[in-house]
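2 protein chains.
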Amino acid sequence: MHNKTAKSNNKRNLRLILEYDGSGYAGWQRLNNTKGKRSIQSVLEDCISGYLGEDINVIGSGRTDAGVHALGQVANFYCTSGISAEDMKKEINTLLPEDIKVIDLIETDGEFHSRYSAKAKTYEYRISVSDVKPVFTRKYTLHVTESLDTDSMEKAAAYLTGTLDFKAFSTDRKDGKSTVRTIKNIKIYKVENARYKKNLEEVRIAITGDGFLYNMVRIITGTLIEVGQGKRKPEDVLNILKGKDRQLAGKTVNPEGLFLLEVRY
Amino acid sequence: MHNKTAKSNNKRNLRLILEYDGSGYAGWQRLNNTKGKRSIQSVLEDCISGYLGEDINVIGSGRTDAGVHALGQVANFYCTSGISAEDMKKEINTLLPEDIKVIDLIETDGEFHSRYSAKAKTYEYRISVSDVKPVFTRKYTLHVTESLDTDSMEKAAAYLTGTLDFKAFSTDRKDGKSTVRTIKNIKIYKVENARYKKNLEEVRIAITGDGFLYNMVRIITGTLIEVGQGKRKPEDVLNILKGKDRQLAGKTVNPEGLFLLEVRY
Numbered sequence: 001m002h003n004k005t006a007k008s009n010n011k012r013n014l015r016l017i018l019e020y021d022g023s024g025y026a027g028w029q030r031l032n033n034t035k036g037k038r039s040i041q042s043v044l045e046d047c048i049s050g051y052l053g054e055d056i057n058v059i060g061s062g063r064t065d066a067g068v069h070a071l072g073q074v075a076n077f078y079c080t081s082g083i084s085a086e087d088m089k090k091e092i093n094t095l096l097p098e099d100i101k102v103i104d105l106i107e108t109d110g111e112f113h114s115r116y117s118a119k120a121k122t123y124e125y126r127i128s129v130s131d132v133k134p135v136f137t138r139k140y141t142l143h144v145t146e147s148l149d150t151d152s153m154e155k156a157a158a159y160l161t162g163t164l165d166f167k168a169f170s171t172d173r174k175d176g177k178s179t180v181r182t183i184k185n186i187k188i189y190k191v192e193n194a195r196y197k198k199n200l201e202e203v204r205i206a207i208t209g210d211g212f213l214y215n216m217v218r219i220i221t222g223t224l225i226e227v228g229q230g231k232r233k234p235e236d237v238l239n240i241l242k243g244k245d246r247q248l249a250g251k252t253v254n255p256e257g258l259f260l261l262e263v264r265y
Numbered sequence: 001m002h003n004k005t006a007k008s009n010n011k012r013n014l015r016l017i018l019e020y021d022g023s024g025y026a027g028w029q030r031l032n033n034t035k036g037k038r039s040i041q042s043v044l045e046d047c048i049s050g051y052l053g054e055d056i057n058v059i060g061s062g063r064t065d066a067g068v069h070a071l072g073q074v075a076n077f078y079c080t081s082g083i084s085a086e087d088m089k090k091e092i093n094t095l096l097p098e099d100i101k102v103i104d105l106i107e108t109d110g111e112f113h114s115r116y117s118a119k120a121k122t123y124e125y126r127i128s129v130s131d132v133k134p135v136f137t138r139k140y141t142l143h144v145t146e147s148l149d150t151d152s153m154e155k156a157a158a159y160l161t162g163t164l165d166f167k168a169f170s171t172d173r174k175d176g177k178s179t180v181r182t183i184k185n186i187k188i189y190k191v192e193n194a195r196y197k198k199n200l201e202e203v204r205i206a207i208t209g210d211g212f213l214y215n216m217v218r219i220i221t222g223t224l225i226e227v228g229q230g231k232r233k234p235e236d237v238l239n240i241l242k243g244k245d246r247q248l249a250g251k252t253v254n255p256e257g258l259f260l261l262e263v264r265y
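Heads up: the sequence lines are chains A and B, in that order. Every letter in the first sequence is one number past the one before it in the UniProt record's numbering, and letter 20, counting from 1, is 20. Every letter in the second sequence is one number past the one before it in the UniProt record's numbering, and letter 35, counting from 1, is 35.
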């Protein structure tokens, strides 16, 4: 359907890679403009529409929740303008606020649709582990005070990899749709940030899947953190999967450490 | 004089290591509360005074300008409270805003004065080099679009190392005081930050000295950037030093990439 529209219009189809700090926004979706906060989509659409002088609809690869960041969100839009992609990228970045930037803007074919063409996505949670909450990554990491046993977390993560029913790891939308998804990979690794005369440990959980249920990444991360803190055993994850009950899984953690890293096509 | 006051009062002397994001503040000094922004010092003093129920004067190792950050600012204060340093650190951090944190709080002797006892300081400028301004380090790096030749910058930096008259590299306060200072070391190095399918280069200039004139770090950095961009030769620095004229040196760059890293005693 989307292809038909694009082709029949004979419009150019432009593909964007976006970097944004979600802290100040109500999430990706235009309809989410709430509590005095705007959405990423509406800022982009207003900016590009104003610049090109035509009504622009920016299609994202998917919605990111309020407060969630992106290093590689993908979007596309159709337009009639003859301005080169290079000039467009430069000018749009001048007009955008400092917390949303276009990293790449390229001409693509009419078939490409950032949402329907997506094959896999990688989300990453960044968790800072320290007695005192870090100042400089306070908006870009989830903060925990107790150290995390990443070996146990990796064991638990292995049980979550594959094509499985993730019903227990999602906020049920009661729409009767399938809750089976494929997680291709969960990578857990550490980075060290600088702090005065010591290092500030950051544990990162990168989850790649073909699609995610509502709150799935946040609930998986909440559960893996509890495993890392020794509050649950890695094997518990198997029972949570089997039980298919949201109450069995861990907390839905806050959005501030969550990044959409990459969308694959 | 300060020692006498402390000793005669028989008060405890507590030493702090502070991490702060200067973006939202009018600088370190209490008197600087301006334009609707508060100072770091006044936030600390109000917070600690309120907590301990006594009038607390927080002495910093030196003033940081509006917008300048710290990873290792040192301060001390005298108090009569009997609360343990450990409990004090925990409670003060709970009361402080998210952009100012106490990394260390230890008991020290009455002789210690964070400003008068300081032997050397290290400031670091962080400069992001990219066509599109980075979103996540937008408040923590100075942004330039042209690449920097760090070899040339290192040559220029070598000429600035030693005990020299830095008059040309300061905003003259016309107070007739000596403009001779000792720069012990200038270290220039690169780090790579992640960006979608490419790296985002960050050049860092760490300057260690026994003291700095007004705007000295910002003018040295502005000059080194011009050398790195090929707008000046490394040897030009020698003529700037000789000329002792502010007009000869480079720009006073913006404060957003500047960090006080460490104070040595």
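Incorrect hints may appear among the rest.
Stated by the list, open to error - No farther apart than 30 Å at their CA atoms in a straight line, the calculated lysine-lysine pairs in the DSSO-like style are these: (1) A:Lys231 to A:Lys133; (2) A:Lys197 to B:Lys190; (3) A:Lys139 to B:Lys233; (4) A:Lys244 to A:Lys231; (5) A:Lys187 to B:Lys244; (6) B:Lys90 to A:Lys133; (7) B:Lys133 to A:Lys133; (8) B:Lys244 to A:Lys119; (9) B:Lys198 to A:Lys198; (10) B:Lys119 to A:Lys198; (11) A:Lys198 to B:Lys190; (12) B:Lys184 to A:Lys139; (13) A:Lys251 to B:Lys190; (14) B:Lys251 to A:Lys184; (15) B:Lys35 to A:Lys190; (16) A:Lys133 to B:Lys187; (17) B:Lys90 to B:Lys184; (18) B:Lys119 to B:Lys244; (19) B:Lys119 to A:Lys139; (20) A:Lys190 to B:Lys242; (21) A:Lys139 to B:Lys139.
Hint data in this document are derived by calculation from the structure and do not stem from the laboratory.
TODO: Taking the numbered hints from earlier one at a time, note which ones the structure violates and give those numbers from smallest to largest.
DONE: 3, 5, 8, 12, 13, 14, 15, 17, 19 and 20
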